[in-house]
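Undergrad: Each chain is listed here by its residues.
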Amino acid sequence: MSFARLTLARGAAPMLRSVRASPQIARIASMAVPRFVVSPSVSAFHTGAKRMQATETQVLITPSAESLGFEVSRAEGESNTRPIYMDMQATSPTDPRVLDAMLPYMTELYGNPHSRTHSYGWETEKAVDKAREEIASLIGADSKEIVYTSGATESNNLSIKGVARFYKGKKNHIITTQTEHKCVLDSCRVLSDEGFDVTYLSVGKNGLISMDDLKAAIRPDTVLVSIMAVNNEIGVIQPLEEIGKLCRSKKIFFHTDAAQAVGKIPIDVNKMNIDLLSISGHKIYGPKGVGALYVRRRPRVRLVPLLTGGGQERGLRSGTVAAPLAVGLGEACRIASEEMAYDHERVKRLSERLVAGIQSKVSHVFRNGDEVQTYPGCVNLSFAYVEGESLLMALKDIALSSGSACTSASLEPSYVLRALGAEDDMAHSSIRFGIGRFTTEEEIDFVISRVVAHVDKLREMSPLWEMVQEGIDISKIEWAQHA
Amino acid sequence: MSSAVTSAAHRSQVLSLYRSLLHHSSKFAAYNFRDYAIRRTRDAFHAAKSESDPEKIQAMIHKAQKELEVVKRQSLISQLYSGEKLVLETSKHQRNFIGRH
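Chains as they are written, first to last, in the UniProt record's numbering: chain A, 1 to 483; chain B, 1 to 101.
Treat the hints with caution; some may be incorrect.
25 Å max Cα-Cα, derived BS3-like pairs, lysine-lysine [unchecked claim]: (1) A:K126 to B:K66; (2) B:K49 to A:K50; (3) B:K63 to A:K126; (4) A:K130 to B:K85; (5) A:K161 to A:K130; (6) A:K396 to B:K85; (7) A:K361 to A:K396.
Here are some of the chain B residues that sit facing chain A, going by a computed Cβ distance under 8 Å [claimed, not checked]: (8) Y18; (9) R19; (10) S20; (11) D35; (12) E55; (13) L68; (14) V70; (15) Q79; (16) L80; (17) Y81; (18) K85; (19) V87; (20) T90.
None of these hints come from the bench; they were simulated from the model.
A quick note: this is a predicted structure, and the numbers were derived from the prediction, not measured.
Just so it is clear, CB atoms sit at the ideal spot from N, CA and C, and this is done for glycine as well.
Just need the whole structure built from these sequences, with the hints factored in.
TA: Printed below as a string of structure tokens:
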């Protein structure tokens, strides 16, 4: 409002006209569409997010050239709509409350939080430290144990490489699982090039590790166990408390990648004996480009930093802390701790509605992952006799993925599902549905109806499905070799 | 007597806050935020309906006032950068938000 008045006072003629004209437009619009009206003062400045992205000639938003095999064209007659977002494990929308907390630090309060000589620095430092407390309290930690990073990938790299390199020589063995995120697996691969031994635990059909396997894998020179809290593809929750207890009794550091878990399930680093824990901002309705690492102080965990320089963040992560992002992460954590019970109850209800809705109308649908030890907001379904990528392409109105965003460009079946022992055809036919704080019942019902329609259609075209309908057991068929 | 007076004062204050929150929540241009803001407001006020401790009521009023400021600012921002509507907001799926409060 004040913005509009400002322009009026300055007498910018074209703007004046548009401001004057807009109430009428708004009034007309309000008659036709009673539901939502852009206020007159706003319409003068309104800009579509897409419009800002577009160039002179209107371009169709398609995947970049590196994304293999995808040709995206819009559905007929639906040229001006956006698909429903159901990929919450890839990223989540920024909560408006988070943006509200961040905006002052992107505009007026731009001080460097490490500046000690003036109030610009002090006010930003105060906000960054308050955010640190919010993050710490969400996981039952002390704020001195929180280090800001650029995201969970950096947190995972820092904890795995940092611990291993610090204790190198004395201890040389790391344990992780086959279903970890790529950044954990890749950090371990780098370390095995540096001479470390890495054990990749296999998981059961339900996606959970066996405690006996873990016990058996532990050696006197094991320095670190890194096991993720909630899996990003199938949503299973590993037995953190048991793992933590075992590791503590053997004096081994326990790192967990909790990017998908923090703010969604209760986590207490002391109760669970977690020594290092990775947090991501944008998975919990916070901003992208920020994360945190919890590093235990007692008993102390020592790390070799990845970045050297100004010695910020207790020397573990040099570089100016991104104050607006840190504030956003803190606010996201504050909201998460306040809303966890409410969100969880709702996500659970929507998740049950989705699974029941699909399974009641389509046969041969299997849920991947454990039935009980699973975060309900991550639903991974395999549709037998349907090719997952074809289904994804058919479901143009819904933003979905068959697995993690990092590997969504490749047509390989997910390594996580293969680690569960899934047959290749079932791994190929899987789709992940992500449900979050802002998902609505209406969206779930829409998704159910589209999925049911397209699975039926794709199966009708499938010769395999026809054979199944005729009662032929496909797994018993001996296929002729190609000449 | 005095508690009856304060509770009557609270009542009108709470109702007016509730109405303003719903009103401004319905101004979010983004479907998901709009739906959430309205739903969260309803659920929060509903859950606190039988609260009788004046101190707690005062604290909740204070919190709701702060939330209202956030909703006012953020619904405006949502309007400034609004994009295309979601597929289910097209005519056949349209849902009337204003008629519900």
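Undergrad: Against chain A, is B:L80 within 8 Å by beta-carbon distance?
TA: holds (6 Å)
Undergrad: Can we keep the B:Y18 interface hint, with Cβ of chain A closer than 8 Å?
TA: violated (18 Å)
Undergrad: Is the Cα-Cα distance between B:K63 and A:K126 25 Å or less?
TA: Measuring from Cα to Cα gives roughly 22 Å; hence the hint holds.
Undergrad: Regarding the hint that B:V87 lies at the interface with chain A, is the smallest CB-CB distance below 8 Å?
TA: Holds - the Cβ of B:V87 comes within 8 Å of chain A, reaching about 5 Å at its closest.
Undergrad: So, B:Y81 near chain A? Judge it on the closest CB pair being under 8 Å.
TA: Status holds, d = 5 Å.
Undergrad: For the hint on B:D35, just tell me whether its beta-carbon gets within less than 8 Å of chain A.
TA: holds (5 Å)
Undergrad: Using 8 Å as the Cβ threshold, decide whether B:S20 counts as touching chain A.
TA: violated (15 Å)
Undergrad: Close enough to count: is the Cβ of B:E55 nearer than 8 Å to one in chain A?
TA: Cβ of B:E55 sits 19 Å from chain A, so the hint is violated.
Undergrad: Could you check if B:Q79 really has its C-beta closer than 8 Å to a C-beta on chain A?
TA: Since the shortest Cβ distance to chain A is 5 Å, the answer is holds.
Undergrad: Quickly compare the C-alpha distance for A:K130 and B:K85 to 25 Å and report which way the hint goes.
TA: Outside the cut-off at roughly 37 Å; violated.
Undergrad: Given B:V70 as an interface hint, is its Cβ closer than 8 Å to any Cβ of chain A?
TA: Nearest chain A Cβ about 5 Å off; hint holds.
Undergrad: Against chain A, is B:L68 within 8 Å by beta-carbon distance?
TA: violated (12 Å)
Comparing the model with each earlier hint shows violations of hints 2, 4, 5, 8, 9, 10, 12, 13; every other hint is respected.
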